[in-house]
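S.K.: Quick mapping for you: the protein sequence lines, in order, are chains A and B. All residue numbers for the first sequence refer to numbering that gives the first Met the number 0, where the first residue is 0 and numbers rise by one. All residue numbers for the second sequence refer to numbering that gives the first Met the number 0, where the first residue is 0 and numbers rise by one.
Treat the hints with care, as some may be off.
What the hints assert, rightly or not - When the alpha-carbon atoms are kept at most 30 Å apart in a straight line, the in silico DSBU-like pairs for lysine-lysine are as follows:
hint: 1; chain 1: A; residue 1: 229; chain 2: B; residue 2: 200
hint: 2; chain 1: B; residue 1: 200; chain 2: A; residue 2: 89
hint: 3; chain 1: A; residue 1: 126; chain 2: A; residue 2: 75
hint: 4; chain 1: A; residue 1: 16; chain 2: A; residue 2: 2
hint: 5; chain 1: B; residue 1: 86; chain 2: A; residue 2: 89
To be verified - Just a few of them, taken from the derived set where beta-carbon distance is under 8 Å, the chain B residues facing chain A:
hint: 6; residue: 17
hint: 7; residue: 53
hint: 8; residue: 77
hint: 9; residue: 82
hint: 10; residue: 85
hint: 11; residue: 87
hint: 12; residue: 95
hint: 13; residue: 224
Since the hints were derived computationally from the structure, they do not count as laboratory data. Please read these numbers as outputs of a predicted model, since none were measured by experiment. Here a beta-carbon is modelled for each residue, glycine too, at the ideal position from N, C-alpha and C.
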Amino acid sequence: MIKYIKWELFNEFQNKKILLLIIGIVYMVIGIIPITSIKGAFLELFYIAFIIILFISLFFSFIYGAKRTISSYKNKTFLLESMISSSPNKILLTKYFLAIFFNILWFLLFLSGVLLLLFKFDINAIKTLIVIVFGEDFSDIYEFIRTTFLIFISTITFTSLSTFVFVSIKSYFPNFNIGSTLTFIISYFIGSIILQICMPIMNDYWVSIILNIIFSMLCYFGTVYFVKNKFEVYN
Amino acid sequence: MKECIQMTNITKQYGKKIVLNNLNLTLSSGKIIGLLGPNGSGKTTLFKTIMQIVRQQAGEIKICGEDVSYLTRKYISFMPDREFLYKNMTVYNAINYYCDMFEDFDLKKADELIQILNIDRTAIIDQLSKGNKEKVILMLTLARNVPIYLLDEPLGNLDPLIKHEMLKVIKSVSNDNNLIIISTHLIKDTEELIDQVIFLKNGQIAANFLKDDLLAQGKTMEQYYIEVFNND
Chain A
0 MIKYIKWELF NEFQNKKILL LIIGIVYMVI GIIPITSIKG AFLELFYIAF
50 IIILFISLFF SFIYGAKRTI SSYKNKTFLL ESMISSSPNK ILLTKYFLAI
100 FFNILWFLLF LSGVLLLLFK FDINAIKTLI VIVFGEDFSD IYEFIRTTFL
150 IFISTITFTS LSTFVFVSIK SYFPNFNIGS TLTFIISYFI GSIILQICMP
200 IMNDYWVSII LNIIFSMLCY FGTVYFVKNK FEVYN
Chain B
0 MKECIQMTNI TKQYGKKIVL NNLNLTLSSG KIIGLLGPNG SGKTTLFKTI
50 MQIVRQQAGE IKICGEDVSY LTRKYISFMP DREFLYKNMT VYNAINYYCD
100 MFEDFDLKKA DELIQILNID RTAIIDQLSK GNKEKVILML TLARNVPIYL
150 LDEPLGNLDP LIKHEMLKVI KSVSNDNNLI IISTHLIKDT EELIDQVIFL
200 KNGQIAANFL KDDLLAQGKT MEQYYIEVFN ND
């Protein structure tokens, strides 16, 4: 599986090299140029781009892994994957690993942007931004880590749920052209229903974590079942 | 000779369109088989069903005596009719990838095939001409040691020299322990190579015969093909 991971990563970075270059340039310009010299439309453009990147990277740190996992079943390389008789369990686990990796990567991009802000401005600006984004003041670092971990676990649950939804729909309706957006909407809808059902016990932090893990595992085994027995290479 | 593929009453539909219609087929090792039929006759679907990358709605398939499933893919080396490798792979990378993914991949055999087909290991596959891409994929497919090889349109739109090289390589891999099935439109090009011919028409076997039997009747494969498919 090492070579599979290597090529998936290499392919992903090749496809995203222009986007990563733009992010790099914007971060560099924002980091290098002193605030006092911020004048003119040109630099304002960089700041607008910077804010957009911050929001996109935060959004992607929740959703990118799931989107990527779904796309992996539509890419032409899935045909190559399908030729391998080795267990789909192993391949799906690798896909999850890659999904987590990319979620973290986008989160790190977001975090480095926030640190850049911290470097340029003061701590209060960062706090204001965090309150705007998360709706909570994380002056307590322990609380921040706890919440980040819960969000991180939730993104894994969302990845496994949306992959399960996509694969099961394609297994039963192979001619139905479902994209990632519709998959996300259905997954979000299912997730909300389950959340409502589990709400009375979800208030406890560790119960939430355990329920998320159990739910991810159920979706994982469901996906593996469909890939083994029903899913067709349709592209 | 071992029984490699046994298909009983196979039906496959895409929506309302029946692509394989109650198809029965038994094939044994030791032969190169030509699967011929016009576009849409079900050749690719037949291959995909054997590979279980599409699933039949009815019927039973046995591969090397085992009920077909994702596990029986280990018996089959499949060359699809379209690209499926990573964009930036070199030939060398692709060989390593195959070696890692398929336990039955034979590096020594791959080396020999590279020599015969005159393939540049350092070339990026995506930048190769169509003919050279086909050669690389054929090399990767045939370098696996499996009982069944499925080659889907391996010779389409290639120049005569490359066709000749590829046919030579296919012939060299064939032995009593394996079965090679080639789906193609190019009857004349493959006539020399194949031992048995299957004509597929509207998802059913229209004819299944040994090439020598046909030649004994004084007919060429092309003449017989026209005879069978001209009635539509």
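S.K.: Each hint should be assessed against the structure and marked as holding or not.
M.R.: Against the structure, the hints come out as follows:
no., hint, result
1, 229/A x 200/B, "holds, 26 Å"
2, 200/B x 89/A, "violated, 39 Å"
3, 126/A x 75/A, "violated, 44 Å"
4, 16/A x 2/A, "holds, 20 Å"
5, 86/B x 89/A, "holds, 23 Å"
6, 17, "violated, 14 Å"
7, 53, "holds, 5 Å"
8, 77, "holds, 6 Å"
9, 82, "holds, 6 Å"
10, 85, "holds, 5 Å"
11, 87, "holds, 6 Å"
12, 95, "holds, 7 Å"
13, 224, "violated, 29 Å"
The earlier numbered hints that this structure contradicts are 2, 3, 6 and 13.
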